[in-house]
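K.L.:
Just so you know, the sequences run in chain order B and V. Each residue of the first sequence is one higher than the one before, starting from 4 at the first, in the numbering used here. Each residue of the second sequence is one higher than the one before, starting from 4 at the first, in the numbering used here.
For the record, the hints were derived by calculation from the structure and aren't laboratory data. The reader is advised that the hints may include incorrect statements.
Copies of one chain are not kept apart here, so a pair can be met inside one copy or by any two copies together.
Unchecked claim - No more than 35 Å apart at the CA atoms, straight line, and that leaves these computed lysine-lysine pairs for DSBU-like:
#1 K359 to K249
#2 K249 to K210
#3 K243 to K210
#4 K252 to K205
#5 K359 to K117
#6 K117 to K337
#7 K210 to K345
#8 K124 to K359
#9 K205 to K365
#10 K205 to K291
#11 K37 to K271
#12 K246 to K210
#13 K117 to K271
#14 K37 to K219
#15 K28 to K246
#16 K37 to K359
#17 K271 to K223
#18 K42 to K291
#19 K42 to K28
#20 K359 to K210
#21 K369 to K117
#22 K337 to K205
Since the model is a prediction, treat every value here as computed from it, not as a measurement.
Protein chains: 2
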Amino acid sequence: MKNKESGTNINLGNKCSQIAFGWAKQTFGNRTGKAGDLKQGIEGAFSNVIDYNGVRLGITSDGIGTKVELAERTGIYNTLGYDLVAMVVDDLAANGFEAANLSNILDVDFLDAKIVDQLMKGLAEASNFAGISVPGGEIAELGNRIGGWGDRMHFNWCSTATGILPEELPEAIAGQTIIPGDKVISLASRGFRSNGFSLLRKVLHEKLGENWHAEKYDDKYMWGEKLLTPCLIYSPLITKLIKAGKEIKGIAHITGGGIADNLNRVLKLTNSGALLDNIYAPHGFMQKVQEMGQIGEEQAYLIWNMGNGMMLVVNEDSVEEICDLITQSGYDCKIAGEITPKQEIIIQSMGNEPQKLIYDIKSGQKI
Amino acid sequence: MKNKESGTNINLGNKCSQIAFGWAKQTFGNRTGKAGDLKQGIEGAFSNVIDYNGVRLGITSDGIGTKVELAERTGIYNTLGYDLVAMVVDDLAANGFEAANLSNILDVDFLDAKIVDQLMKGLAEASNFAGISVPGGEIAELGNRIGGWGDRMHFNWCSTATGILPEELPEAIAGQTIIPGDKVISLASRGFRSNGFSLLRKVLHEKLGENWHAEKYDDKYMWGEKLLTPCLIYSPLITKLIKAGKEIKGIAHITGGGIADNLNRVLKLTNSGALLDNIYAPHGFMQKVQEMGQIGEEQAYLIWNMGNGMMLVVNEDSVEEICDLITQSGYDCKIAGEITPKQEIIIQSMGNEPQKLIYDIKSGQKI
Numbered sequence: 004m005k006n007k008e009s010g011t012n013i014n015l016g017n018k019c020s021q022i023a024f025g026w027a028k029q030t031f032g033n034r035t036g037k038a039g040d041l042k043q044g045i046e047g048a049f050s051n052v053i054d055y056n057g058v059r060l061g062i063t064s065d066g067i068g069t070k071v072e073l074a075e076r077t078g079i080y081n082t083l084g085y086d087l088v089a090m091v092v093d094d095l096a097a098n099g100f101e102a103a104n105l106s107n108i109l110d111v112d113f114l115d116a117k118i119v120d121q122l123m124k125g126l127a128e129a130s131n132f133a134g135i136s137v138p139g140g141e142i143a144e145l146g147n148r149i150g151g152w153g154d155r156m157h158f159n160w161c162s163t164a165t166g167i168l169p170e171e172l173p174e175a176i177a178g179q180t181i182i183p184g185d186k187v188i189s190l191a192s193r194g195f196r197s198n199g200f201s202l203l204r205k206v207l208h209e210k211l212g213e214n215w216h217a218e219k220y221d222d223k224y225m226w227g228e229k230l231l232t233p234c235l236i237y238s239p240l241i242t243k244l245i246k247a248g249k250e251i252k253g254i255a256h257i258t259g260g261g262i263a264d265n266l267n268r269v270l271k272l273t274n275s276g277a278l279l280d281n282i283y284a285p286h287g288f289m290q291k292v293q294e295m296g297q298i299g300e301e302q303a304y305l306i307w308n309m310g311n312g313m314m315l316v317v318n319e320d321s322v323e324e325i326c327d328l329i330t331q332s333g334y335d336c337k338i339a340g341e342i343t344p345k346q347e348i349i350i351q352s353m354g355n356e357p358q359k360l361i362y363d364i365k366s367g368q369k370i
Numbered sequence: 004m005k006n007k008e009s010g011t012n013i014n015l016g017n018k019c020s021q022i023a024f025g026w027a028k029q030t031f032g033n034r035t036g037k038a039g040d041l042k043q044g045i046e047g048a049f050s051n052v053i054d055y056n057g058v059r060l061g062i063t064s065d066g067i068g069t070k071v072e073l074a075e076r077t078g079i080y081n082t083l084g085y086d087l088v089a090m091v092v093d094d095l096a097a098n099g100f101e102a103a104n105l106s107n108i109l110d111v112d113f114l115d116a117k118i119v120d121q122l123m124k125g126l127a128e129a130s131n132f133a134g135i136s137v138p139g140g141e142i143a144e145l146g147n148r149i150g151g152w153g154d155r156m157h158f159n160w161c162s163t164a165t166g167i168l169p170e171e172l173p174e175a176i177a178g179q180t181i182i183p184g185d186k187v188i189s190l191a192s193r194g195f196r197s198n199g200f201s202l203l204r205k206v207l208h209e210k211l212g213e214n215w216h217a218e219k220y221d222d223k224y225m226w227g228e229k230l231l232t233p234c235l236i237y238s239p240l241i242t243k244l245i246k247a248g249k250e251i252k253g254i255a256h257i258t259g260g261g262i263a264d265n266l267n268r269v270l271k272l273t274n275s276g277a278l279l280d281n282i283y284a285p286h287g288f289m290q291k292v293q294e295m296g297q298i299g300e301e302q303a304y305l306i307w308n309m310g311n312g313m314m315l316v317v318n319e320d321s322v323e324e325i326c327d328l329i330t331q332s333g334y335d336c337k338i339a340g341e342i343t344p345k346q347e348i349i350i351q352s353m354g355n356e357p358q359k360l361i362y363d364i365k366s367g368q369k370i
């Protein structure tokens, strides 16, 4: 499918990922029976399970994409650290790993010490929130290989996080015990996660002009500030639930691909489906972007989280007490729906044109 | 010091690294007594030692900088994987870690499946050479945030590698047992490592014009091909020596900062010095670049490896047998000098204007 609105080609992206995975597979045998042995049980998982002499390690990498432009436009640099941490530690959490360390790479065109200071301050704050340490990092000056908006330092920022599977878990959480009747809890998001910003920027540019970030969103905020809203980090909550002995059967981190694609990764091991008839509605500013860009429900729910940052599958009997513990921990949640035996994900959408979006589990395609 | 020739500012780079480290330190306490606890013994080391429930893990991150432009210029994409792997696994090896896994992030402006295929093929081949597996990776389309040479796909490529400290080692190798009289072995490099390419490109552009890569170097090679020469990966050799019970007291991976800066990291724990009066001479094409750019010995030895890719400090009594094992393993080495009690590194340089380069161990500065 060509995603014409954002200018990115999803099919080509998938093809390139498959090419990379094809070559990567040729290296898996290098660690068989040694430290760093890759466990193959959960292909398509959010993070990888690697055995280091009995320690079950998780490793995952990601960047914050073009959300960086929002910092360049607003001059606010001390919140992107939350986005950087969220993208990787929540991919670890999605398989049950307790995130522990993060190593980051900051590519810049030229250096501005004040901007670096604000970025790293935000990274430290987000790391303290997530309970992880930053043992290492690298700053690379790459001149005209890095571009962006405006005249200040431009940069791209990515990281790799490692974590450990808590003793409480016999194996990584990958949806393997899900049964019909299980409940799906949705954790509220704070705004856009660090994906889907190419489309966002395109819509706002077309509707509000080159300096769209400085246009008023409401009496208090400009558009740039609203879109920069930092990601909420769920990983400490997930670790807390696991250490409290709560059984979480599957966890979907809702990033690119939206609810359907990411929940599908959790359901496909058991060929289950889900009926989600009580999800969170998108934030006001998400809905406004959807409206301005005349983005249909299907596309909006494919690209953005639409108010639902993470979804947990739990036993029906324990859903209330788990929701209580989540709320006590300072996160907002609701029972969004339940697991069904039919191999479909049905989402009662809550955007500008509420409708039933139905996806086939096997193909991952909308029906 | 302003490195005028390359256009990068080393002092500002160091300042920004210090800023980043200052903020990172505020996160170290987050893992005290937990998995992912950072061991603070070897500040300034090439890689970090992290305790995961008794497993001593090493983690390090780096990218291949502007060497990428050489692939864009020559259209040869299947060798950069060796550079990517070398930069991180050899930083692990420099502290004794056996590299095991690598996670990579490829940032592109737009996707070209054929180029991605060639890059990942090279990464797989280099990983097989290094005996590591590639459990994960990420490809990010960042549009005009990524720039480069020519009209094809532009990209920046970085990775994070993890490894394990072999049981044979009581602790990470960090130069802690070095004494005067120990010998310094130099391992021959194949060419430039993946650093110092901004200056390289500037010199060649000024001397040979915009299409310098297509100018003849000799009857067989163009300049672009010579500079693209992939990095030799030392990590399997280091692991082999350690597993064979050979005592390696200190290991310097010669990247940015050259022999002096990187050997200094190994010597400063014991306040030793080194007299290096028998190092490898630079490769012919290195020497030619030095000549074309009228780069002085001091600068050349600060930015490039000048023929010496890695240096090992070993006991005088075992140096011959270790050299034999290195040679049998297919690597070239020579006894480059020895450890001295005086806190200076003295390098008898072998570039265009051979001379004694003397550096103070405490300040790291040239005397």
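K.L.:
Now tell me if each hint is right for this structure.
P.N.:
Now for the hints, and whether the structure bears them out:
In this assembly of identical chains, K359 and K249 lie within 35 Å of each other by CA distance solely inside one copy; the values are 31 Å within and 67 Å between copies. Taking identical chains as interchangeable, the C-alpha atoms of K249 and K210 are never at most 35 Å apart, the minima being 47 Å within one chain and 67 Å between chains. Within a single copy, K243 and K210 get their C-alpha atoms no closer than 43 Å, and across copies no closer than 62 Å, so neither meets the 35 Å cut-off. In this homomeric assembly, K252 and K205 never come within 35 Å of each other (Cα to Cα): the closest approach is 38 Å inside a single copy and 56 Å across copies.
For the homomeric pair K359 and K117, neither the shortest alpha-carbon distance inside one copy (48 Å) nor that between copies (39 Å) is at most 35 Å. With identical chains, the CA atoms of K117 and K337 are never at most 35 Å apart, being 41 Å at best within one copy and 45 Å at best between copies. In the homo-oligomer, the alpha carbons of K210 and K345 never lie at most 35 Å apart, since the shortest distance is 41 Å inside one protomer and 69 Å across protomers. Taking the shortest Cα distances, K124 and K359 never come within 35 Å of each other, neither inside one copy (43 Å) nor across copies (43 Å).
Taking the closest pair of Cα atoms, K205 and K365 come within 35 Å of each other only inside a single copy of the chain (32 Å); across copies the shortest separation is 53 Å, beyond that limit. Proximity of K205 to K291 under the C-alpha cut-off of 35 Å is restricted to the intra-copy arrangement: shortest distance 14 Å within a copy versus 48 Å between copies. In the homo-oligomer, the alpha carbons of K37 and K271 lie at most 35 Å apart both inside one protomer (30 Å) and across protomers (33 Å), since each shortest distance falls under that limit. In this homomeric assembly, K246 and K210 never come within 35 Å of each other (Cα to Cα): the closest approach is 48 Å inside a single copy and 64 Å across copies.
In this homomeric assembly, K117 and K271 come within 35 Å of each other (Cα to Cα) only across copies, at 31 Å, whereas the closest approach inside a single copy is 47 Å. Proximity of K37 and K219 under a CA criterion of 35 Å is satisfied in neither setting, with 57 Å inside one chain copy and 46 Å between copies. Within a single copy, K28 and K246 get their C-alpha atoms as close as 33 Å, and across copies as close as 27 Å, so both meet the 35 Å cut-off. In this assembly of identical chains, the alpha carbons of K37 and K359 never lie at most 35 Å apart, being 49 Å within a copy and 45 Å across copies at closest.
Taking the shortest Cα distances, K271 and K223 never come within 35 Å of each other, neither inside one copy (44 Å) nor across copies (55 Å). For the homomeric pair K42 and K291, neither the shortest alpha-carbon distance inside one copy (44 Å) nor that between copies (49 Å) is at most 35 Å. In the homo-oligomer, the alpha carbons of K42 and K28 lie at most 35 Å apart both inside one protomer (12 Å) and across protomers (33 Å), since each shortest distance falls under that limit. For the identical chains of this complex, K359 and K210 are intra-copy neighbours only, at 28 Å inside a copy versus 65 Å across copies, given an alpha-carbon limit of 35 Å.
For a Cα distance limit of 35 Å, the shortest separation of K369 from K117 across copies, 29 Å, qualifies, whereas the shortest one inside one copy, 47 Å, does not. For the homomeric pair K337 and K205, the shortest alpha-carbon distance inside one copy (32 Å) is at most 35 Å, but the shortest distance between copies (59 Å) is not.
Checked against the numbered hints given earlier, this structure breaks hints 2, 3, 4, 5, 6, 7, 8, 12, 14, 16, 17 and 18; the rest are met.
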